[in-house]
Structures are given as C-alpha cells and as structure tokens.
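**Q** Now for the letters of each chain:
Protein chains: 2
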Amino acid sequence: MALLPEPVQNLITAFERLPGIGPKSASRLTFYLLRAPDEASQLLAEALLHLKSATGQCQVCFNITLANQPVCEICANDRRDEGVICVVEEPLDVLALERTSGFYGKYHVLHGVLSPIEGVGPEDLKIAPLVERVKSGRVTEVIIATNPSMEGDATALYLRQQLTPLGVRITRLARGLPVGGDLEYADQNTLLRALSGRQEMT
Amino acid sequence: MALLPEPVQNLITAFERLPGIGPKSASRLTFYLLRAPDEASQLLAEALLHLKSATGQCQVCFNITLANQPVCEICANDRRDEGVICVVEEPLDVLALERTSGFYGKYHVLHGVLSPIEGVGPEDLKIAPLVERVKSGRVTEVIIATNPSMEGDATALYLRQQLTPLGVRITRLARGLPVGGDLEYADQNTLLRALSGRQEMT
Numbered sequence: 001m002a003l004l005p006e007p008v009q010n011l012i013t014a015f016e017r018l019p020g021i022g023p024k025s026a027s028r029l030t031f032y033l034l035r036a037p038d039e040a041s042q043l044l045a046e047a048l049l050h051l052k053s054a055t056g057q058c059q060v061c062f063n064i065t066l067a068n069q070p071v072c073e074i075c076a077n078d079r080r081d082e083g084v085i086c087v088v089e090e091p092l093d094v095l096a097l098e099r100t101s102g103f104y105g106k107y108h109v110l111h112g113v114l115s116p117i118e119g120v121g122p123e124d125l126k127i128a129p130l131v132e133r134v135k136s137g138r139v140t141e142v143i144i145a146t147n148p149s150m151e152g153d154a155t156a157l158y159l160r161q162q163l164t165p166l167g168v169r170i171t172r173l174a175r176g177l178p179v180g181g182d183l184e185y186a187d188q189n190t191l192l193r194a195l196s197g198r199q200e201m202t
Numbered sequence: 001m002a003l004l005p006e007p008v009q010n011l012i013t014a015f016e017r018l019p020g021i022g023p024k025s026a027s028r029l030t031f032y033l034l035r036a037p038d039e040a041s042q043l044l045a046e047a048l049l050h051l052k053s054a055t056g057q058c059q060v061c062f063n064i065t066l067a068n069q070p071v072c073e074i075c076a077n078d079r080r081d082e083g084v085i086c087v088v089e090e091p092l093d094v095l096a097l098e099r100t101s102g103f104y105g106k107y108h109v110l111h112g113v114l115s116p117i118e119g120v121g122p123e124d125l126k127i128a129p130l131v132e133r134v135k136s137g138r139v140t141e142v143i144i145a146t147n148p149s150m151e152g153d154a155t156a157l158y159l160r161q162q163l164t165p166l167g168v169r170i171t172r173l174a175r176g177l178p179v180g181g182d183l184e185y186a187d188q189n190t191l192l193r194a195l196s197g198r199q200e201m202t
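Chains as they are written, first to last, in this note's numbering: chain A, 1 to 202; chain B, 1 to 202.
Chain A with its partners taken away, still in its complex shape (with noise of 0.2 Å):
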C-alpha cells in the first residue's frame, strides 16, 4: 500500500532531485505547499516554467540574460571599462562581484571548470570566445576569478598559457586570511597563501 498519494510522492521526488534537499526536507516542503494558499504552488511552478523560456545568455560574455536580450546590461553598459575583463565559473560569481560595488570592468562567464574527472575539456567551456574576445578587442587585462579550488586554478592556469601570447596582463583574485576569520583557524594552505602573499603596510 502506498503510503502517500501520488501527486504527494511525485512532489517529493521532485523536490529530492534538487541538489541539498534530502528526503525529509523534500516532505517538509511538499506538505507545508499542501495546507499553504493554492498560489504558492502556482507562483513557483509558473516561476520554474518561465525559467528557461524566458531567459539565454550574453552573445558576449555568456551571463544569462532574458531571452530577446542578445547583450547583457552588463556588456551593454558603456560606463564599465571595456578593457578589464573578470573571467568567473558561474553566473552566480558576477552576482557576488557586483554585491561587492568594487568592480567596474566586464565579465565572462566560463560555465564550469575544466575537470577531467567529470570529462569536462577546454571545448565545454566558453574558452574560445574569451581568446577571441581579448584578441579583438581594447582588453588590457584579465583577472581569473575561478575559485580557488584545484578545478579553479587549473582552469586559471590553462586560461594563463591561452591568454599569454596575446600580451594581456593576467592577474588572479587575492588568497589569504578571509576578512573576519581567525588565525587560530585557518587552514595551513591558507596560511601559506597570505604569509607568502603579505604586503606592505604603507
């Protein structure tokens, strides 16, 4: 006998499939859908249904942008710097960067990192267009903002042996201390990174 009823159950796979929603969250959710007002439901499924649809991304720097947009408001902003180019893994990396107001050149979305392990080459990447992006253009330099992770920083390294010959400085996001943190609780690599990257006090 089944236990729940079938449109119940079919909810809860869905919602198990996500990635960080177990088994018990999946059934939290779907039961609080159950007694919440009807739109609820309707409002996310219409949400999730217009996701795709209604959305692509960039011709020029692969962020996803609504769907008649060929050019994100990014790449389309004359007021950023053209010649400073911020290569990211995900979409979600610009959010992060542009929270922080303190970056005011372009991006370029990669899509991922190169991963032998999940069979993931330079060609599944949006390498090619970032070489002829800074081939073509204005670019002066390109700052690698892969995370800091073996993945990331391999991808940075390829990205470095791509970029090279064309003459762009390559410069790669800060690693050291996080602001907050504590000594006492850093790990040893992190530690390494911020003595052997320690700066002077002017």
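It should be emphasised that the hints constitute simulated quantities derived from the structure, not laboratory data.
All values derive from a computational prediction rather than experimental measurement.
We put the CB at the ideal spot given by N, CA and C, even for glycine.
Check each hint, because a few of them may be wrong.
[Unchecked claim] Output of the computed footprint for chain A on chain B, the stretches with three or more beta carbons under 8 Å from beta carbons of chain A:
{"#": "1", "region": "24-37"}
{"#": "2", "region": "139-146"}
[Claimed, not checked] Derived CB-CB ranges, DEER-like:
{"#": "3", "chain 1": "A", "residue 1": "P129", "chain 2": "B", "residue 2": "G22", "range": "28 to 36 Å"}
{"#": "4", "chain 1": "A", "residue 1": "V120", "chain 2": "B", "residue 2": "G181", "range": "43 to 51 Å"}
{"#": "5", "chain 1": "A", "residue 1": "E200", "chain 2": "B", "residue 2": "D187", "range": "35 to 43 Å"}
{"#": "6", "chain 1": "A", "residue 1": "D38", "chain 2": "B", "residue 2": "L166", "range": "30 to 38 Å"}
{"#": "7", "chain 1": "A", "residue 1": "Q188", "chain 2": "B", "residue 2": "T171", "range": "28 to 36 Å"}
{"#": "8", "chain 1": "A", "residue 1": "P23", "chain 2": "B", "residue 2": "R138", "range": "52 to 60 Å"}
[As the list claims (entries may be wrong)] Straight-line distance between alpha carbons at most 20 Å, and here's what the computed EDC-like set of lysine to aspartate or glutamate pairs gives:
{"#": "9", "chain 1": "B", "residue 1": "K52", "chain 2": "A", "residue 2": "D153"}
{"#": "10", "chain 1": "B", "residue 1": "K24", "chain 2": "B", "residue 2": "E39"}
{"#": "11", "chain 1": "B", "residue 1": "K24", "chain 2": "A", "residue 2": "E16"}
{"#": "12", "chain 1": "A", "residue 1": "K126", "chain 2": "A", "residue 2": "D93"}
{"#": "13", "chain 1": "A", "residue 1": "K24", "chain 2": "B", "residue 2": "D93"}
{"#": "14", "chain 1": "B", "residue 1": "K52", "chain 2": "A", "residue 2": "E123"}
{"#": "15", "chain 1": "A", "residue 1": "K24", "chain 2": "A", "residue 2": "E46"}
{"#": "16", "chain 1": "B", "residue 1": "K52", "chain 2": "B", "residue 2": "D38"}
Based on the hints, put chain B in the right spot on chain A.
**A** What follows is chain B alone, placed relative to chain A:
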C-alpha cells in the same frame, strides 16, 4: 540596474518563500535548474500544479488522499482496528507512525495545534469531527500523539477534556530518553519524564 534577469529573480523569490530555504539556497537551486535539462524544472512545475488539484482530505480522518477518493486507504482498510484512533497534528505524522509498522488502528489528523498566539482555536482544528467519530463509533481508545511541545500538550489536555465524558480510554505517547540517546546530553525535562515514567524490568 537589476543584477539578474526577471525570470531568474522570480524563481529565486518563489523558492525563498518556502520554509527553510534562505536567499543563498534559493539562488543555488535556481542556477542549478538553469544549467539542468529543461525536464528538471518542468517535472517540478507539473508536480506543483497537480499537488492541490489532485489531492483532497479523507472525510473520516482528514489525512491527505486523492481528489477522487473520499476516504483514505487507511480508513478504507477493514483489517485495521477501528477501535483505536491515533490523533496527530499533521499528515506527515501519520507517515512517521506508519513507518514504524507498530500501529494497526486508525488515525485522525487535526491539521494543526491550539495556539492562542497564532490565533488557532479549537474550531480551526478537526476536533469536532473527532468527538463525533468517538461518539458514534466503537472506539475504545484514543491515543493522543500531538507533539511533545507546549502547544501539543495544551491540545492534548483540551482533547482529554472533550473526550473524557465519552468514556473512552485516553492515552498519550510515552516520553523519555530517545533510543540511541545519551543520558548525559538529555535535557532536564526529558530526564524528569524518563524518571517519572520509569517501568518495571520484567
């Protein structure tokens, strides 16, 4: 300037409204779905749209059931003891008890607990139909399985008042140390309950 295209922001907002999903999880889920095949969002959307339209409440116990099924499978099951009713707060509690395979009676789902702070009174819960059920039937015992919380206890007390005149046995789920728990880490109240509810070793 909006940092994210509207369809993306809409889905993040819709996810954020769900309990236990904060802004970070909401964007992670949204960007996961952006990268995932279209079916992932579609499956979830369809499950959401069917949730309410395809389900209803059992006319007897108020558990969740299919829309075209007036009585749930447990209530319709002749081999389950009609004489014992286990009263729970939510349909999820039925599921938890069914998983134990240790209860062969029927259920009654209150759909909430008494909570003066949130303005939930007896008339907002399925208490009147429970009294009717006990009055009309061959019920010999009512097990009150509301949560061992303030509201759950208050609701249990109220139910006892309502049911005592009907001359049925009224029981409450045992409280004490959880199986696999550690005496050292048990809170004072649980330990007090475990002491006062101690049982003969036979």
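**Q** If a hint holds in the structure, say so; if it does not, say that too.
**A** Here's how the hints hold up against the structure:
{"no.": "1", "hint": "24-37", "verdict": "holds (count 10)"}
{"no.": "2", "hint": "139-146", "verdict": "violated (count 0)"}
{"no.": "3", "hint": "A:P129 <-> B:G22: 28 to 36 Å", "verdict": "holds (34 Å)"}
{"no.": "4", "hint": "A:V120 <-> B:G181: 43 to 51 Å", "verdict": "holds (45 Å)"}
{"no.": "5", "hint": "A:E200 <-> B:D187: 35 to 43 Å", "verdict": "violated (54 Å)"}
{"no.": "6", "hint": "A:D38 <-> B:L166: 30 to 38 Å", "verdict": "holds (37 Å)"}
{"no.": "7", "hint": "A:Q188 <-> B:T171: 28 to 36 Å", "verdict": "violated (58 Å)"}
{"no.": "8", "hint": "A:P23 <-> B:R138: 52 to 60 Å", "verdict": "violated (37 Å)"}
{"no.": "9", "hint": "B:K52 <-> A:D153", "verdict": "violated (48 Å)"}
{"no.": "10", "hint": "B:K24 <-> B:E39", "verdict": "violated (23 Å)"}
{"no.": "11", "hint": "B:K24 <-> A:E16", "verdict": "holds (18 Å)"}
{"no.": "12", "hint": "A:K126 <-> A:D93", "verdict": "holds (15 Å)"}
{"no.": "13", "hint": "A:K24 <-> B:D93", "verdict": "holds (12 Å)"}
{"no.": "14", "hint": "B:K52 <-> A:E123", "verdict": "violated (45 Å)"}
{"no.": "15", "hint": "A:K24 <-> A:E46", "verdict": "violated (25 Å)"}
{"no.": "16", "hint": "B:K52 <-> B:D38", "verdict": "violated (23 Å)"}
Comparing the model with each earlier hint shows violations of hints 2, 5, 7, 8, 9, 10, 14, 15, 16; every other hint is respected.
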